[in-house]
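Engineer: Below, each chain spelled out in residue letters.
Protein chains: 2
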Amino acid sequence: MAVTDEAISKIKDMLIRGELKAGDRLPPEKELSERLGLSRSSLREAVKALELIRVLDVRRGDGTYVTSLDAKLLNEAVAFVVDLHQDRSILELFEVRRILEPATAHLAASKITPDELLALRRTMDGIDENTDVEELVAHDLEFHSIITEAAGNDYLGSLLEALSSSTVRARIWRGLTQEKAVAHTLAEHRAIADALERGDAELVRALVTVHISGVENWLRQAL
Amino acid sequence: MAVTDEAISKIKDMLIRGELKAGDRLPPEKELSERLGLSRSSLREAVKALELIRVLDVRRGDGTYVTSLDAKLLNEAVAFVVDLHQDRSILELFEVRRILEPATAHLAASKITPDELLALRRTMDGIDENTDVEELVAHDLEFHSIITEAAGNDYLGSLLEALSSSTVRARIWRGLTQEKAVAHTLAEHRAIADALERGDAELVRALVTVHISGVENWLRQAL
DNA sequence: ACATCAGCAGACATCCGATCAATCGTGGCT
DNA sequence: AGCCACGATTGATCGGATGTCTGCTGATGT
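Residue numbers (the working numbering), protein chains in the order written: chain E, 13 to 235; chain P, 13 to 235.
Do not rely on the hints blindly, as some may be mistaken.
Where chains are identical, the list cannot tell them apart; a pair therefore holds if satisfied intra-copy or between any two copies.
As the list claims (entries may be wrong) - Calculated cross-link-like contacts (lysine-lysine; reagent style DSBU-like; alpha-carbon spacing at most 35 angstroms):
1. 123 x 33
2. 192 x 22
3. 192 x 42
4. 33 x 192
5. 84 x 22
6. 33 x 84
7. 22 x 123
8. 123 x 42
Calculated from the structure, these hints are not laboratory results.
From just these sequences and the hints, can you work out the full model?
Structural biologist: What follows is the structure in structure tokens.
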């Protein structure tokens, strides 16, 4: 194994064993490189790799720190990969989303708070046929992320966020090409919010499935 | 933006634009570094970062190549993150798995081939109460991965594989072996295989949900 | 004449150590 | 309180020594 890879797994081990915790500061590059038995240049390669997936946070002139190590890590890593696959296998990625999103909404149905329901309603204020595309995308993104948040599973949230970002473009296209899409989407969102309010988990799941599948089908035919 | 980060996104752009395709060989480090306007050392940091998430494949003495860029990318990236979170939020990760696995099996029910069914059966040969832990883990891994494979969505496969990494499985099995878990698990696996053979998608989903939840409950109580 | 194999040369990545620049945090000074 | 200089730390680059792979070439054996 290359020295750099060895350094990566050594740092990883220090994290798993709890030797390094979230927020901790690593020894200076020079010192750490000596302790791990490699040159500073090689160590920097390892640190850069861990920085890419947001495990480490390097602050110039200050030091290198361990990030919060929470579920957001998934987001960065997955988003990078999803970005690369934008035009290739977007339908397969959408299939994953179609599995996760209804299940997430189903979870959310029993946990969502009145405050979150209110926020959910508010995302729909001021949205109509005349709203411009960017605002529509922002609304859509927020609508789904409130529900995801309510489900209370951060990993689920990160995964969904990463999966959805790549579809933003698709949504924009859809908004541009289909005239009645706004009213249609809004009606579906209202129905989902209603069902969430009543705590009807099964209906929520079905509605979200239909909602996601609608976009998916449009996408399938547009490709 | 730092020189290295710039290099990362430039390479990423070359991939997205199709300037670089899967399997392509990158120019030598020296040449590429000159073209991107940075030093070789800095370029190497970028390359190392991209190698960690398996976008690039560096072959010493030969050259640097673009990997297949398929769904397996997700695996590496997610597995790394999951490894780091083993003791922390494993239950949340398990919840994601409990969503994905039944849905995957549901998909597989209508697509699985006779060959795959045969292979599924064969994983259970020679497994009984006396089988040692490592063999159990191998069987379990293979059983689930055949089903995932049959579902025909590589991203789903990568995610699931990463979520139920072999280290996690090993730990669970080690805890379970003392009890009657082997016979119990085997019976559940048989039932799932039977339902798959009959193409009863709904039953498959229910069985897998029960199967995964069983492990989850054990885990919840063991923590 | 042909096939085989060892060894050599070139291309390339690997690793290192040194050097200078940029930046940040701190502590002392006014 | 505000300012400034200093030390610590990362950022970036370079040149050189080394390990490793590939392909060619020439010698050897059949």
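Engineer: Compare the structure with each hint and give your call.
Structural biologist: Outcome of the hint check:
| no. | hint | in the structure |
| --- | --- | --- |
| 1 | 123 x 33 | within (31 angstroms within a copy, 45 angstroms between copies) |
| 2 | 192 x 22 | neither (55 angstroms within a copy, 37 angstroms between copies) |
| 3 | 192 x 42 | neither (60 angstroms within a copy, 53 angstroms between copies) |
| 4 | 33 x 192 | neither (51 angstroms within a copy, 38 angstroms between copies) |
| 5 | 84 x 22 | both (22 angstroms within a copy, 24 angstroms between copies) |
| 6 | 33 x 84 | both (16 angstroms within a copy, 29 angstroms between copies) |
| 7 | 22 x 123 | neither (40 angstroms within a copy, 43 angstroms between copies) |
| 8 | 123 x 42 | neither (49 angstroms within a copy, 56 angstroms between copies) |
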